[in-house]
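Asks: Based on the hints, put chains B, C, D, E and F in the right spot on chain A.
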Amino acid sequence: MTDESKPKTLTLFLTATPFGAQSATTTLNLAEAALDKGYKVNLFLSADAVYGSAAGQKAAGLPQVGERLPALIAKGLRVDLCGSCLQLRGLRGDMRMEGPQPSSLKNLFTMVAESKAFVALGR
Amino acid sequence: MTDESKPKTLTLFLTATPFGAQSATTTLNLAEAALDKGYKVNLFLSADAVYGSAAGQKAAGLPQVGERLPALIAKGLRVDLCGSCLQLRGLRGDMRMEGPQPSSLKNLFTMVAESKAFVALGR
Amino acid sequence: MERIAVLVASSPTSASAERAFQLIRDLSAQGHAVTLGLLEDGVLAAAGGLPEVPLAACAAVKVLAGDLALRGMAAGSLRPGCQPCEYGDLVDLLMEQSDRTLGVF
Amino acid sequence: MERIAVLVASSPTSASAERAFQLIRDLSAQGHAVTLGLLEDGVLAAAGGLPEVPLAACAAVKVLAGDLALRGMAAGSLRPGCQPCEYGDLVDLLMEQSDRTLGVF
Amino acid sequence: MDRSICVLISQAPYGTVHAAEGVRHVNGALSQGFQAVAVLVDDGVWVARPGQQPGASGFTSLSDALTAALKASGPVPRVAVHRPSLEARGLTAADLIAGVELVDDAGLTQIITETQFLLRF
Amino acid sequence: MDRSICVLISQAPYGTVHAAEGVRHVNGALSQGFQAVAVLVDDGVWVARPGQQPGASGFTSLSDALTAALKASGPVPRVAVHRPSLEARGLTAADLIAGVELVDDAGLTQIITETQFLLRF
Numbered sequence: 001m002t003d004e005s006k007p008k009t010l011t012l013f014l015t016a017t018p019f020g021a022q023s024a025t026t027t028l029n030l031a032e033a034a035l036d037k038g039y040k041v042n043l044f045l046s047a048d049a050v051y052g053s054a055a056g057q058k059a060a061g062l063p064q065v066g067e068r069l070p071a072l073i074a075k076g077l078r079v080d081l082c083g084s085c086l087q088l089r090g091l092r093g094d095m096r097m098e099g100p101q102p103s104s105l106k107n108l109f110t111m112v113a114e115s116k117a118f119v120a121l122g123r
Numbered sequence: 124m125t126d127e128s129k130p131k132t133l134t135l136f137l138t139a140t141p142f143g144a145q146s147a148t149t150t151l152n153l154a155e156a157a158l159d160k161g162y163k164v165n166l167f168l169s170a171d172a173v174y175g176s177a178a179g180q181k182a183a184g185l186p187q188v189g190e191r192l193p194a195l196i197a198k199g200l201r202v203d204l205c206g207s208c209l210q211l212r213g214l215r216g217d218m219r220m221e222g223p224q225p226s227s228l229k230n231l232f233t234m235v236a237e238s239k240a241f242v243a244l245g246r
Numbered sequence: 247m248e249r250i251a252v253l254v255a256s257s258p259t260s261a262s263a264e265r266a267f268q269l270i271r272d273l274s275a276q277g278h279a280v281t282l283g284l285l286e287d288g289v290l291a292a293a294g295g296l297p298e299v300p301l302a303a304c305a306a307v308k309v310l311a312g313d314l315a316l317r318g319m320a321a322g323s324l325r326p327g328c329q330p331c332e333y334g335d336l337v338d339l340l341m342e343q344s345d346r347t348l349g350v351f
Numbered sequence: 352m353e354r355i356a357v358l359v360a361s362s363p364t365s366a367s368a369e370r371a372f373q374l375i376r377d378l379s380a381q382g383h384a385v386t387l388g389l390l391e392d393g394v395l396a397a398a399g400g401l402p403e404v405p406l407a408a409c410a411a412v413k414v415l416a417g418d419l420a421l422r423g424m425a426a427g428s429l430r431p432g433c434q435p436c437e438y439g440d441l442v443d444l445l446m447e448q449s450d451r452t453l454g455v456f
Numbered sequence: 457m458d459r460s461i462c463v464l465i466s467q468a469p470y471g472t473v474h475a476a477e478g479v480r481h482v483n484g485a486l487s488q489g490f491q492a493v494a495v496l497v498d499d500g501v502w503v504a505r506p507g508q509q510p511g512a513s514g515f516t517s518l519s520d521a522l523t524a525a526l527k528a529s530g531p532v533p534r535v536a537v538h539r540p541s542l543e544a545r546g547l548t549a550a551d552l553i554a555g556v557e558l559v560d561d562a563g564l565t566q567i568i569t570e571t572q573f574l575l576r577f
Numbered sequence: 578m579d580r581s582i583c584v585l586i587s588q589a590p591y592g593t594v595h596a597a598e599g600v601r602h603v604n605g606a607l608s609q610g611f612q613a614v615a616v617l618v619d620d621g622v623w624v625a626r627p628g629q630q631p632g633a634s635g636f637t638s639l640s641d642a643l644t645a646a647l648k649a650s651g652p653v654p655r656v657a658v659h660r661p662s663l664e665a666r667g668l669t670a671a672d673l674i675a676g677v678e679l680v681d682d683a684g685l686t687q688i689i690t691e692t693q694f695l696l697r698f
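Protein chains in written order, with my numbering: chain A, 1 to 123; chain B, 124 to 246; chain C, 247 to 351; chain D, 352 to 456; chain E, 457 to 577; chain F, 578 to 698.
Treat each hint with caution, since some may be false.
Claimed, not checked - Per label pair, the in silico range of CB-to-CB distance: (1) E:566 with C:334: 28 to 34 Å; (2) F:580 with E:524: 52 to 58 Å; (3) C:320 with E:529: 58 to 64 Å; (4) A:6 with F:610: 17 to 23 Å; (5) C:334 with E:550: 48 to 54 Å.
No lab work stands behind these hints, which were simulated from the structure alone.
Note that CB positions come from ideal geometry on N, CA and C, so glycine has one too.
Same shape as in the complex, but just chain A (with noise of 0.2 Å):
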């Protein structure tokens, strides 16, 4: 994928909820193509989007966000939440999946500043 040793960084920025627009499937779609190709990806989850680190999530009828989540983590996604966003929304830990990170603008510029394409989805 590259000549380089260390592989290209895509950074995805989602502001949707899981189910209420596509861009959160998107997103997904997006991120497992990257990391099947190599590239090193990372996710940052802002303001609705963070509902969709939320446990339990029974996709029907829609496409499944949450419950995607583990295997892509497993295939080395990093996940980042807004933690004001978390707070804001009362969606504590006991309510999330495992994996989601709360994370902060400071780490979100750090990813950003890394990445070889930033990409902001959602409506």
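Replies: This is chains B, C, D, E and F only, laid out in the frame that chain A set:
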């Protein structure tokens, strides 16, 4: 407000998250104004709006949503939650505040049929 | 002929507001008395923005005062024919002054 | 001059897509080589819809095949100049074939 | 007067969940004894495009769902497509599933004023 | 090259949270050592309208937040308002908070191509 013995009913139907758009706040403001005038008011939270029933919300820099519900319920507001929408999103009972109840399309359309006005909010 | 309330919360540049404004023109042309209630981003139509409020087609235009102030617009800057209002006025519109409510667009 | 990827997921009737299409025209006029990636509701621009894709301003237009099929449009019905693609092709576009990525609009 | 509702679907399918929610509530209204009219307007007209293929995406085909609703053995909805919205998108009646009717602006307001309630998506 | 980001704000304030999130991320980028340019385009131009009064609503005034960012003692953002979007809404530079600059289409693309990253709201 009316010369009939039974108060007229306003049913509000919300599809937006509590903090992604102003419509959740507008909905509660309309509900409160209608309750204060003596109307019967139903609020049906559907799709992403069911996140408004999450326990432990802490609004900062944005209007309170879940934090306002108990006082409105005490004033007489009926709050129903789309049951299948809760399941999809993993919003179990222990993650929600007390008061709003899982409900059904049957209940929604029963409310609608009894309403003087039915208003859908959210985008 | 009916008294119809139409509520618009979307920016006047949105497809949603444009659809509501077209509906208002058509309902008015058919003889209905339409009152437009503007709230949220919809209030931008009352003080600027394109397309403009279909004033000629409305029996009245009520604009939520708090949503105007929130967006930096004084009630005094409203287009002629638009009146500031409170949530309670919108409730009266829906529950007492209209035969039918459409929205929120 | 740069190779620029622009991703559009909004319906071609949205302000967001219109803004992206205008940006593409301006970037192209300044000599940049713009590749447009259409996905989600954005694919409607490749098989119909107004405004149309700014084909003349794009070095290439890639349209996500799964999102076309989901909306009932065969890859064969694409406007000339638009190519169906997969998620991996979009990743290649962003990570290997572009100096800059703009979006998602 | 029989109970009746107009469900207005104004957004494109799949990009947001609103069109799917619209179709779900048409069926819900019918099952609760309402007469239901689905009106497809603006980008909502894309809901009536046939052959929507979700494949393995997890989405439900809304053209299939509408077709099934129209062919149901119990109460069926009216499905009206706003002709000016259709034409603005370069589409014609031939591009739509069977069983829908076209309405112009006057037809749209007629449906809205003939039904008791409006549910907008 | 210094790290830099363009934050594009294209939606009206308050109706959705996106404009507020845009302003928050401008400040976040600055605090992490990025040069930051806020570009207000389409309905985003309303963010720069002065005198936004949240009252008891619970909202944060975005015109106040932008003004504070522009007057900060540390790094400050550039704030560019897209003139065609402004004029399409019947507004002029006199309707905006102090410290913003107007850009036309060419200026908009120049900002976008002079910054390393784009964050769209």
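Asks: Next, verify each hint and record whether it holds.
Replies: Going through the hints against the structure:
1. E:566 with C:334: 28 to 34 Å: Since residue 566 of chain E and residue 334 of chain C have Cβ atoms about 33 Å apart, the given range 28 to 34 Å holds.
2. F:580 with E:524: 52 to 58 Å: Because 54 Å falls inside the window, the suggested range holds.
3. C:320 with E:529: 58 to 64 Å: Given about 60 Å between the Cβ atoms, the range holds.
4. A:6 with F:610: 17 to 23 Å: holds (22 Å)
5. C:334 with E:550: 48 to 54 Å: Given a distance of about 51 Å, which is inside 48 to 54 Å, the answer is holds.
No hint from the list above goes unmet by this structure.
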